[in-house]
Amino acid sequence: MQRLQGIAVSPGVAIGEALVMGNEGFRIPRRFVTRDAVETELDRLHHALASSAEQIERNRDAIAHELGRQYAAIFEAHLTMLRDARLVDELDQLIRERQYSPEYAVSRVLRRYAKVFQQLDNSLMAERANDIFDIEQRILSNLVGRRREEFSKLESPVLILAHNLTPSETANLSREFVRGFVTEIGGAGSHTAIVAEALAIPAVVGVGNFLADVSGGDMVIIDGNQGLVILRPDEETIARYRQEAEAGRTRAEQLGQLRDLPAQTLDGTRIDLFGNIEFPNEVPACLERGADGIGLFRTEFLYLGSEFAPNEQDQFEAYKSVAEQMQGRPVTIRTLDLGADKVMPGRPDDEKNPFLGLRSIRLSLRNLPLFRTQLKAILRASPYGKLRIMFPLISTIMELRQARMILSDVMEDLDEHGVQFDRNMPVGMMVEVPAAVIMIDRFVEEVDFLSIGTNDLIQYTLAVDRSNKDVANLYTGSDPAVLKLIDMAVTAANKAQIPVELCGQMSGNPIYTMLLLGMGLRQMSVAPAAIPEIKKVIRSVNIAQCEVVAKKVMHLENARDVKSYLKDELNRLFPTDES
Amino acid sequence: MSAGRLSRTVRVTNPEGVHARPADMIAKLANRYHSQISLTKGSLKIDAKSILSILTLVAECGTELVVEAEGPDAHDAVNGITELFHRNFDEGPDHPVPN
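Residue numbers (the numbering used here), protein chains in the order written: chain A, 1 to 579; chain B, 1001 to 1099.
These are calculated hints, taken from the structure and not from any lab test. Please note: incorrect hints may appear among the correct ones.
Unchecked claim - Derived DSS-like pairs (lysine-lysine); straight-line CA-CA distance at most 27 Å:
| id | chain 1 | residue 1 | chain 2 | residue 2 |
| --- | --- | --- | --- | --- |
| 1 | A | K386 | A | K484 |
| 2 | A | K386 | A | K320 |
| 3 | A | K563 | A | K551 |
| 4 | A | K567 | A | K536 |
| 5 | B | K1028 | B | K1045 |
| 6 | A | K563 | A | K552 |
| 7 | A | K115 | B | K1041 |
| 8 | B | K1028 | A | K115 |
| 9 | B | K1045 | A | K115 |
As the structure is a prediction and not an experimental result, all values here were calculated from the model.
Could you build all of it, start to finish, from the sequences and the hints given here?
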């Protein structure tokens, strides 16, 4: 049993078999073979070893031919490793005596060697670990018969363990079988976290290097509440977590009963509780939980999920589908928020500082055909429901005007072609750059609504990279500076009488609900899974009480005090709850 | 004439130490002999016919190793393996090593 501490980014508990995903592909989660299959499995291993050797020989010869013999030396060494009699004996033994599957045996044995090398101070020797991984991958691919299976081809439930998951990889996850994930890098607010939350499966990120310690098929527990990952847990631990998982399900069922009740405070103030989505197929998850609308449709995932940028028609279908499914409830579509950690396949990432680089609205304004295509698709979908459009990462008033101008231009185009669209579709902006908050009085005069994106607002205000685990602990929505900016934006919007919603992860965390209501916020957009819990808080408080909380918080001087005060207040509200 | 048991101490003198390629040379050569051949570093003794075991020795430049062989061609084996160390595994200005 091995316990690893990471950053909890999506709550819940998952227990199951590991699917270890290296840079090259992933390892098959089958551990044991039946006794009478041992001979066939041994055959399979030896065939795979022979094929691997042939492939390496071919590589060696090709490289020797192209570059010279000395460059092929590494393949020569790989070949010797592959034919290492001790290695082969060890593998045979594990299959014969412990009935390991060849895949599991290969993974276990080679990872053990790799680990020895990784622990060395000598960097040249530590590099050898990569040789071992290379050989492991090669043998496995020969065993499995194909180089890389798609996530979407999963056939049984798994927990995904990876160094890092790109948004496009997470976008392709087979929702049916992925029960949780753990990554070595990443922090709270990373997009891995967002997707996990959207899927309502537990996730822990920023665990540090551990993949060498685990093999596909190992039993793993992901504790998304505590940020814990337990490799090869003992029976007692499994039993304890099974109980916890069961309790979680019961609680979710109880919360489910709130579905048809309005998100309304005790004094009768109606709050709009929206859901955040990435794909049209997440709409049912929002409807099932009684969402009042979609507060944030992150359209970039449409782009990240596939090799090619979706064309106008594909996008139109996606937007129309969401609009129709929501049956007249508002849907806020955010235009492309690509760049930084969400990079389209094929785009060079040579930016030194991508979060301060060409991302989001800046990228759209530089790629007008891309931007116009999206705007056109959104406008065309607008007659099918109640759509709102929103521009992300607006930093200056000029950017906003430029984006609006292009929108008007596209509208004119559509008019000329006699295409129907909602001329009065509200146009809003994300408030996620401190500069925009500081100048918010100007912005509220030029938009129909505001949406506060706390994930970026926090990282830009506190100058903390949310995906860098070394500073991730500094990333918190409880910081008084962040709260002051949120308060400024909410106050300005209320004064200008335009709607303001908050759509970052903060709004999905129940400890902030009272504070946000007390600040005057009346719209929140959260991951679908968080809707019931936030609704429960809303339905248990009155505004006057929240205003007291907000007033008190605004006088506190550091994040720790704020967080502990808010936790205490929430505990007072629900004394029996653990949260 | 070379049957029996024999050991000799060698020092790793090539700057990069016994990395993949030298380990490959040792294991390949060792497998040509019938004798059992081992390398010992301090208290760690490994099978010289296994490249993975050789790599786990982590023999860096300056390390002293004992080459030991037992069997019908022990003498040739020890000579052959020590020779590799003395030749610095053919690494040097005349034998550029990529990366």
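Structure-based check of all given hints:
1. For the hint linking K386 of chain A to K484 of chain A, the alpha-carbon distance of about 32 Å lies beyond 27 Å, and the restraint is violated.
2. Straight-line distance between C-alpha atoms of K386 of chain A and K320 of chain A comes to about 10 Å, which keeps the hinted pair within the 27 Å bound.
3. A C-alpha spacing of about 14 Å is found between K563 of chain A and K551 of chain A, which places the hinted pair at or below 27 Å, so the restraint holds.
4. Our distance criterion of 27 Å between C-alpha atoms is met by K567 of chain A and K536 of chain A, whose separation comes to about 15 Å.
5. For the hint linking K1028 of chain B to K1045 of chain B, the alpha-carbon distance of about 18 Å falls within 27 Å, and the restraint holds.
6. At most 27 Å may separate the alpha-carbon atoms for a hinted pair to count; K563 of chain A and K552 of chain A meet this at roughly 12 Å.
7. A threshold of 27 Å between alpha carbons decides the hint, and for K115 of chain A with K1041 of chain B the separation of about 20 Å falls inside it, so the pair holds.
8. For the hint linking K1028 of chain B to K115 of chain A, the alpha-carbon distance of about 24 Å falls within 27 Å, and the restraint holds.
9. A threshold of 27 Å between alpha carbons decides the hint, and for K1045 of chain B with K115 of chain A the separation of about 19 Å falls inside it, so the pair holds.
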